[in-house]
Amino acid sequence: MASTGDLEPTHYPARRAAQVALHYLNTHHGSPFRVFGLQQVHKASAEDVAAGGRKYKLDFSVTDWGSGSAGPALRCSADVLFPRTERHSAPKVELHCEALQQINSTAQEDDAFYQKYISPDSTVSARDIPDSFGNMSEEMQPFWRLARVAASFIMLRESSENTEFNMAKVASITQQESSEEQLMLEFVVLLHDFPSQEIVQWKLLASWSPDRGVRVLQTEWQPRCPHATKPPN
Amino acid sequence: MILARKFYSSKMKGLLVLTALFVAVFGKKTFEGDQVLRITAKNEAQIFLLKELSEQEHLGLDFWREPVHESLPVDVYVPFHSLQAVRVFLRYNQIQYNVMIMDVQDLLDDEEREMVKYRTIPRSTDDFVYTAYHDLNSIYSFMDMLVAENSNLVSKIVIGQSYENRPLNVLKFSTGANRPGIWFDTGIHSREWVTQASGIWFAKKIVTDYGRDPVLTDILNNYDIFLEIVTNPDGFAYTHSRDRMWRKTRKPNSGSSCVGVDPNRNWDAGFGGGGSSSNPCTETYRGPSAHSEPEVKAIVDFVKSHGKLKAFVSIHSYSQMLLYPYGYTSTPAKDKAELHELAKKAIASLQSLYNTRYTYGSIITTIYQADGITVDWTYEQGIKYSYTFELRDTGRYGFLLPADQIIPTAEETWLALMAIMEHTKNNPY
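The listed protein sequences derive, respectively, from chains H and W.
FYI, our numbering numbers position 140 of the first sequence as 140, with every residue one higher than the one before it.
FYI, our numbering numbers position 419 of the second sequence as 419, with every residue one higher than the one before it.
No lab work stands behind these hints, which were simulated from the structure alone.
One or more of the hints may lead you astray.
Stated by the list, open to error - Straight-line Cα separation of at most 30 Å, BS3-like style, residue types lysine-lysine; simulated pairs:
#1 H:K43 with W:K334
#2 H:K43 with W:K344
#3 W:K310 with W:K205
#4 W:K336 with H:K43
#5 H:K43 with W:K345
#6 W:K172 with H:K203
#7 H:K57 with W:K308
#8 W:K308 with W:K172
#9 W:K344 with H:K57
Okay, chain H solo, but in the shape it has when bound (with noise of 0.2 Å):
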């Protein structure tokens, strides 16, 4: 059931494709202060192109999470292309956004955040990211933040047009020891897909520092248990 040709904004296919574009903009410019998340899809397209594949063209607005509601709104416009692979393989994404560089600076919270746990002796630890009532510490939501970050790496990696990810929580932050000035985090996040409504969880490990950014350098996905439980007799 696949629509070519101009696509109404506000509807999935122009909407998964929009999510796609911002996996990739959080990939790359996702830090503990800045999450961004789809605000407005204002035009999008849809084309099958020569190699096999389908290629959205959209117009969209994000905002910055890390700056509340107060956020003023970016414009962007991306090419989303979805590959037709025998397996599956990642959607390539070129991706402009105005006035990028113009948004507020989040270095000196990068910094502090940065310097505050870098040290030898930080081993921060923490479990259910929010709680189940939506709770989440002041200290926590940086950590939040950069696990979002990372997951934006999996859930890039593993779209597709029957696919819609956000991360429904994080089970663990592990902080493990820095390595090359690097913040090293291991996490467990559950994603949650839309059109399968299924909750998958991932371990990955990420580093950070205000240079680098974000990189994963490990991934591993997890089977769930709940699914197999029955109840006890």
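Assemble chain W onto chain H, guided by the hints.
Then chain W, alone, in the frame of chain H:
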């Protein structure tokens, strides 16, 4: 051991001074910055060191689990002023540990907050805390209180039992007999907590506004309103006790170790199609047959026996959408034009309050193909104004929507529901 003693004498002395300073300056008793560490000793020598550490009284350590044997974890409460010293000690002796509680004061504050919310068992629905998420017992108590306080307007109907034998409670708001009806349900997918929470708020809103708000009063003078707040109580209990992300019912599936059926794929409208799954281990498993789930069958029976429902709204989260049939086919609904216009109006009302952006359209074009869904069935039963909501947010918190958004969500959604109800009343069929 000797190394440790040497270490103590030189470095610790310096720290002792620091400690004295800290205690002097920070005389007040709070737990800010205090931590609880879980230490894993790898041999007897390390256990010995830890025992020695426990004897340093000036550090103010409290061992929740004493050092006994290297196979057992050692949990120790470390006041802020001793943290540096303890960590240095552990690192120096290469004793592994991790932080169990990063800040005890934070934890206490959280607990305090939760306790305050639950401290008083509300004696009336005016006492009830609408700004918090509640468990099943609290919600069922709320329903009984609401009925008791408004017995001329509200009654409770039990339309059936869940798989685990919990009552399926529906609140009926009625000012006269033999009226046509309007139905709302929340919580059919148990992890969508903002929906049950909103349902509670809607119930209170109705009793508050009847006799005060002319539009609602007029609606209730002509129609009954039925509200099922916890449509999937087994799933809901499970989200509290075991798995916050549980969606389905809790009925076991024969021949599988996986539990539960998606109650929003179990209806007899396009049942079995590609927009649902045949695998019991998936979130959109349709079930062995249409209406196999007692939670679904109860509503089916109710709708059929009532015979005069004119609007049916099934409420989910998240995504911020207002959707109408169909989900199982791309053939447009017969009443699509009207449903679309009404959705547009309802969303405009919703948005007027907090500027929350909603999308609207048919299920299959807007969100995805979904077969065997509630509102496709109710629509095909002749209930023209059949809608599905997806409430806040759009993915930032998703199912874990912070409690401070419950009331704003309920308030704005109510405006949309009022628009739907008003249109229903003004367009009888």
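Evaluated hints:
no.	hint	result
1	H:K43 with W:K334	28 Å, holds
2	H:K43 with W:K344	20 Å, holds
3	W:K310 with W:K205	21 Å, holds
4	W:K336 with H:K43	24 Å, holds
5	H:K43 with W:K345	23 Å, holds
6	W:K172 with H:K203	47 Å, violated
7	H:K57 with W:K308	47 Å, violated
8	W:K308 with W:K172	14 Å, holds
9	W:K344 with H:K57	27 Å, holds
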